[in-house]
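Protein chains in written order, with my numbering: chain A, 125 to 566; chain B, 125 to 566; chain C, 125 to 566; chain D, 125 to 566.
Hint data in this document are derived by calculation from the structure and do not stem from the laboratory.
From a predicted model like this one, the values you see are computed outputs, not experimental measurements.
There may be inaccurate statements among the hints.
[To be verified] DSSO-like cross-link-like pairs, simulated, lysine-lysine; straight-line CA separation at most 30 angstroms:
hint, chain 1, residue 1, chain 2, residue 2
1, C, LYS413, A, LYS442
2, A, LYS158, A, LYS179
3, D, LYS186, C, LYS390
4, C, LYS390, D, LYS179
5, B, LYS158, A, LYS390
6, D, LYS158, D, LYS135
7, D, LYS267, D, LYS240
[Unchecked claim] Residues of chain D clear of chain C, computed beta-carbon distances all greater than 10 angstroms:
hint, residue
8, VAL165
9, ASP195
10, SER246
11, MET270
12, ASN275
13, THR305
14, GLU307
15, GLU310
16, GLU416
17, GLU434
18, ARG480
19, LEU534
Backbone N, C-alpha and C define an ideal beta-carbon position, used for all residues, glycine too.
4 protein chains.
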Amino acid sequence: MHNTIEKATGKLGILTPGLGAVATTLIAGVEAVKKNLAQPVGSLTQMGNIRLGKKSENRNPKIKDFVPLADLHDIVFGGWDVYQDNVFEAAMNAKVLEPMLLHAVRAELEAIKPMKAVFDQSYIANLHGDNIKQAATKADLAKAVMDDIENFKEANDCSRVVIVWCGSTEIYLEPSAVHQTLESFEAGLRNNDPAIAPSMIYAYAALKLGVPFMNGAPNLTCDIPALMQLAKQTDTPIGGKDFKTGQTLMKTILAPGLQARALGVKGWFSSNILGNRDGYVLDHPDNFKTKEVSKLSVLEDILQPESNPELYGEIYHKVRINYYPPAGDNKESWDNIDIFGWLGYSMQIKINFLCRDSILAAPLVLDLALFSDLAKRSGMSGVQEWLSFYFKSPQTETGLHPEHDIFKQLIVLQNTLRQLMGEEIITHMGQDFDQDLVEASL
Amino acid sequence: MHNTIEKATGKLGILTPGLGAVATTLIAGVEAVKKNLAQPVGSLTQMGNIRLGKKSENRNPKIKDFVPLADLHDIVFGGWDVYQDNVFEAAMNAKVLEPMLLHAVRAELEAIKPMKAVFDQSYIANLHGDNIKQAATKADLAKAVMDDIENFKEANDCSRVVIVWCGSTEIYLEPSAVHQTLESFEAGLRNNDPAIAPSMIYAYAALKLGVPFMNGAPNLTCDIPALMQLAKQTDTPIGGKDFKTGQTLMKTILAPGLQARALGVKGWFSSNILGNRDGYVLDHPDNFKTKEVSKLSVLEDILQPESNPELYGEIYHKVRINYYPPAGDNKESWDNIDIFGWLGYSMQIKINFLCRDSILAAPLVLDLALFSDLAKRSGMSGVQEWLSFYFKSPQTETGLHPEHDIFKQLIVLQNTLRQLMGEEIITHMGQDFDQDLVEASL
Amino acid sequence: MHNTIEKATGKLGILTPGLGAVATTLIAGVEAVKKNLAQPVGSLTQMGNIRLGKKSENRNPKIKDFVPLADLHDIVFGGWDVYQDNVFEAAMNAKVLEPMLLHAVRAELEAIKPMKAVFDQSYIANLHGDNIKQAATKADLAKAVMDDIENFKEANDCSRVVIVWCGSTEIYLEPSAVHQTLESFEAGLRNNDPAIAPSMIYAYAALKLGVPFMNGAPNLTCDIPALMQLAKQTDTPIGGKDFKTGQTLMKTILAPGLQARALGVKGWFSSNILGNRDGYVLDHPDNFKTKEVSKLSVLEDILQPESNPELYGEIYHKVRINYYPPAGDNKESWDNIDIFGWLGYSMQIKINFLCRDSILAAPLVLDLALFSDLAKRSGMSGVQEWLSFYFKSPQTETGLHPEHDIFKQLIVLQNTLRQLMGEEIITHMGQDFDQDLVEASL
Amino acid sequence: MHNTIEKATGKLGILTPGLGAVATTLIAGVEAVKKNLAQPVGSLTQMGNIRLGKKSENRNPKIKDFVPLADLHDIVFGGWDVYQDNVFEAAMNAKVLEPMLLHAVRAELEAIKPMKAVFDQSYIANLHGDNIKQAATKADLAKAVMDDIENFKEANDCSRVVIVWCGSTEIYLEPSAVHQTLESFEAGLRNNDPAIAPSMIYAYAALKLGVPFMNGAPNLTCDIPALMQLAKQTDTPIGGKDFKTGQTLMKTILAPGLQARALGVKGWFSSNILGNRDGYVLDHPDNFKTKEVSKLSVLEDILQPESNPELYGEIYHKVRINYYPPAGDNKESWDNIDIFGWLGYSMQIKINFLCRDSILAAPLVLDLALFSDLAKRSGMSGVQEWLSFYFKSPQTETGLHPEHDIFKQLIVLQNTLRQLMGEEIITHMGQDFDQDLVEASL
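Just chain A, with the same shape it has in the complex (with noise of 0.2 angstroms):
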């Protein structure tokens, strides 16, 4: 099958709508592994291995190395903002990066400006910006951001672009009617239906020109059946939801072990504190329904209590996000996990995190940039499965239960590679270290 991969050649433009913190820290970091001033840690895709054949054959590339991946200096950088600051300014107000990094990089940074981007007030109340494309009707705006994007991948000499979401997270919103086919929301967007969220502007635009779309928030966006049609039309690859960071992130690690060993679970309380803008924008109800929804679903579909109900039947589970301008983007996570063992005897796990959302966000743009470019060549479309491992709240196909379980979900994506490059399938048992051990002994 990898025959049929299409090369890698070229440049890949990689377009954001959002260049604040998260993306600078990208386009900056990218910009200073190229200068050899650091390292791509965090990413799959530049530092990960992936094992090959049978253990004894001792084969363990680089995922860079095995599957064709676009280089690091084949890609160019480009995106929208509700903000003028071009991307040094923008790195600098963020305050997630050092000044003396950024002062290396400055030349690259500088030369990006955030193009005018297509914004609602009543989606993000917590925001005010003055870089807004003006114009009549969202269908207008859809186009405009066609433009933006055929004029990007002409202007940089791009073979290939790619779309990551790195915008904020805007109001809850549920499916409705005018989410449901293409003929619908296409009349929608000729007609300013106020369920069309400035995200999905972005993401009928980028499925349009056949564009792969991963999306970073928990914005609904393109996990609507219009949407999904429309990828299916196009040929092209699309993924969300929600960056899986920081306390979600300990989640999935933490809960498929609990379970593992049978382990009950009573409460799980999660605090977070951080400073940033995404601080700012989640301190408004509104907004923070959106990520509340996302990041509540994971403990239930890991620990299956319709399965185990003596274990898990019980969970009081409570995730609150406060707004504290000390912490910047040090975001700090405390977790309480009341947890419970043999005869019921309770047990308590507690979680301190101090992390920084947008160093652990940074290479998830990147690998989903490079692995959605990937499935574009390998002809996969629509919703990428194989990229749950990325999010919080992983989209898939209409009516199938996403998987949360990291560590299942690392080997459906490193599975997915090895299906397609041919090499055999992975099952730790067999192709693994104890089945000649285990055989012998039967």
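Add chains B, C and D to chain A, keeping to what the hints say.
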């Protein structure tokens, strides 16, 4: 293959060298479960499910309904200890379980009186008991243990017996000449070779009789060529070392998660406080050494610094166990993990686990007893690597690298059970949620 | 002066509006102490010492042996509640104390049945009881409470009675016209002014009868000119507001320490989880508002940003209370404190307090009852600032600034007792350890 | 009395044995403060206020405006070290302060080169330097140090000099015969008595010249009769031992708070991780012993188990220091405190202090230098107990009990300053906020 598994008919004797906190918590618990007073939480054999076939088949039975395990009502308990207290008295002293619960099964517990222990002060400086076998040679001691086992089996009308070591940590010991062959070992027994530890005498006695032996402490015990050879000769399953509870359990859950995300690790500091007999024994440096070796190897195996020197080549890993009487059996661990992400930016994870040592260990003893009995009836002999899931320092056939990642260990355990029962093994691809989808999209 | 203090002869009635977790923990505890089953830990009157004279004199009696307090054996308990449960039933429901302990004093507890409560749903949305007084006007309700007090006193042969509010937090209320004078207040009672809260009716009734009233909740209650005036008129001690337990207790211990060292504070984030009735009431934003105001003022008063703007001028202080049923009465707080030192370098203190709400509050109720009775017998009327030690938000005479520093509060309390008994007050200089030394060295 | 205080005219030399992390952080910081680049946070002399007279007078000056202290611009630094690095190099190696800050004061720091140190490997096993004095006898070494001091004073045109020990922790030493009188001590110097530690040689040299000596390590140094006698003879202030920073600082803040509330303490477990030179020295058991003794006495003194055996009679107190290089100078402590309240119910406080060792210590050095100079000019000689505020293990005149409670220590310090300047001492009663009120109410 499963039609060759012997039925689990008749009574199963579970004998434990050591009738302290762990063993009495197990025994009292099983008796309470039999009276429907409590649930055997934490036991995979009793509470865990196993998924079979394709996800869409929705087959997810309890493990105990899937493989032919001994029923809890068919179990009889016994053991050896250096103290004369019966199990009720010992359980009251251990202060793990509520007096009210112990009184509810008092008669059953009082009926179990410890057999005289094989003990050697030079192996455990901080224990001082008076219920100890006296004999001229270690060979005589081994013979006495064999007699104990035979007598117990007959007196309690057992069809099978298994042994799980629940005793203390002995001083650190490296394999030497006397441990290399069965011949040299038996000579050593006869001439009281000081390198033959008490735990080895129990293991030898068990294996001579074809009784499975599982090792819950980090002691060398049956992890020597002589006893591995004997296990093969007598078709006996063996396994070890050191029950994976508390801090190490958390470590083997968390480390694979960090590695999955290609996040770097600079340091991992682990501190423990506990106030039970185990803590007191480990307060002696010679005994702590044995434990330390068992605890330290975990990270290196999971993170594979040789494959990822940029991420894991410089880990400073330190483990401390502090005897702190106010904690009693409520072992508490505190981990500080220094990680780094994108461009090398540092972050910290701090985990405070308020656990209960014996509550976490007791269900492991039960599972190991039942699974080693299953292995024996299935004709599996020698080291049972598929039970690595339960151990801090999994014993392997000489020369093989142990697997510490708890998620891979669980897949191996489950696939072993599936294979034993003639079910398809599961790869999280194909049989799993996304195969059709992925194929469709290719 | 002390020879003017009335003797504590006869019985003292302690009445509490609210017979929930705190009050029942107090009552069961005092009964258990009287039977020598437990110790009144946390009670300064019962367990605390007080140093007298010069350090070299070595006089350090128990407070209860120094000042003439009511003896525990002379105390009779009673109270009001919106539920009909007797104190035994209420204590069992509260799940604070072990059933075994409650059974040991069951007869005493069952004998105490709550009088009908004054209640108004609009002041506490999340409580729903059926043991409630009905009357045409608030004046009638006040009269009914006075009758309750008189009847209780007679029925139990009490020579004195005190009241300590142990009920829930009412919605936030600012003082308005009706609260300004006794006249307007009494008119308000007659015409059912909605700004007169149930707690004010209790306080009014108490003060009319000269019964000391201490306020354990953050409610406005007697912190209004009308009732302060009444207290003076009837020579009655009053005090409040809000028992200082848990997180705020820690805050008033720690903040003075940081200030002592001239360490700066940038942010203080306080999160709480608790699962008892108090937590449920506070889950309603209107009731939380009252609590929040009480909790927030603490830092500002201690750190005095106006004197030290460089150190404390920019504190971001946030307090969250989260209802989390798995915690039950085991209130748990997590504080993150962002401080800075030499040259502005930042540091963090994280405090996780696994406390028990009612266990911390019960001894405060006892002390306040005994000390307010002492104050009454000593002729001290109006606001008892020397009892600030016990309150989150100490009530002061109008216009004065409250003292929150627990160490200064303690010195004031102790010096008040010393002065009352004709002992020298202590300055930690001169009378203290280093005077001679310092003088010698000058 | 204050009119007898000598003016602080001319330059003050601050000499430190040890030019490592603490001393270089002090020096660089003072230079940065002089250039208005940063603030001397954590220094009571520079940032702290002192309240004078009645609260209503509203007099609250900065301490430096109240007592005649040397001005920062009049300070000259110097010192001794076993390494030859100048202060800039040493500060860069210490990695406490940002390189950018150090470069801003580079010239000033490079100008300070360490004088050759008095060093003895047998007192500090883990240090290996090459900038060491060679001499036949310890008397010769003392003479050489005196010459250093005199030369420094002259070269830098200083009117006064003080010495603050900022060197490492020596091995544990108990006072022996040679330490008992000045005569035996001087004989010991001449015949190289092994019980005379290097730090004693510095102290002896200082005291001979009438130069104040403050001891920032737990070393015995001047806490011996011989040197206390010498201090009196030469009218020289001395003080020690061991800067109170980090965990012990927290302990002396928190313990008085628990005691104030009559809450019991069952256990206190303190763990530390640090990765600087201090941590490496303390990794040696002989040196840790000295530190441990200094850290352990704190609780006992504050909680007074002899007065409150029911509350504090059974404390299990344990302190651990772990060398953990990833932490660098960012010392981190974790305390678990097992307390009990009403009826003996247990609770826990867990404190995680992410502190910076040298950042906390540097301002203490400054304060001690300035205050000891003030003491000298005020004619106060011998042990300065009023500076106990700064020490983990306050030195007292023989036979007296040290005060550890930081709040009492602060009152003593402030009252000493008030008395020195002829102001009324403050009792938190009477002169304080509630006297009139309390009197009115009596």
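Each hint, compared with the structure:
| no. | hint | result |
| --- | --- | --- |
| 1 | LYS413/C x LYS442/A | 21 angstroms, holds |
| 2 | LYS158/A x LYS179/A | 33 angstroms, violated |
| 3 | LYS186/D x LYS390/C | 21 angstroms, holds |
| 4 | LYS390/C x LYS179/D | 27 angstroms, holds |
| 5 | LYS158/B x LYS390/A | 24 angstroms, holds |
| 6 | LYS158/D x LYS135/D | 15 angstroms, holds |
| 7 | LYS267/D x LYS240/D | 13 angstroms, holds |
| 8 | VAL165 | 5 angstroms, violated |
| 9 | ASP195 | 18 angstroms, holds |
| 10 | SER246 | 34 angstroms, holds |
| 11 | MET270 | 25 angstroms, holds |
| 12 | ASN275 | 30 angstroms, holds |
| 13 | THR305 | 21 angstroms, holds |
| 14 | GLU307 | 24 angstroms, holds |
| 15 | GLU310 | 24 angstroms, holds |
| 16 | GLU416 | 23 angstroms, holds |
| 17 | GLU434 | 6 angstroms, violated |
| 18 | ARG480 | 6 angstroms, violated |
| 19 | LEU534 | 5 angstroms, violated |
In this structure, the earlier hints numbered 2, 8, 17, 18 and 19 are contradicted, and the remaining ones agree with it.
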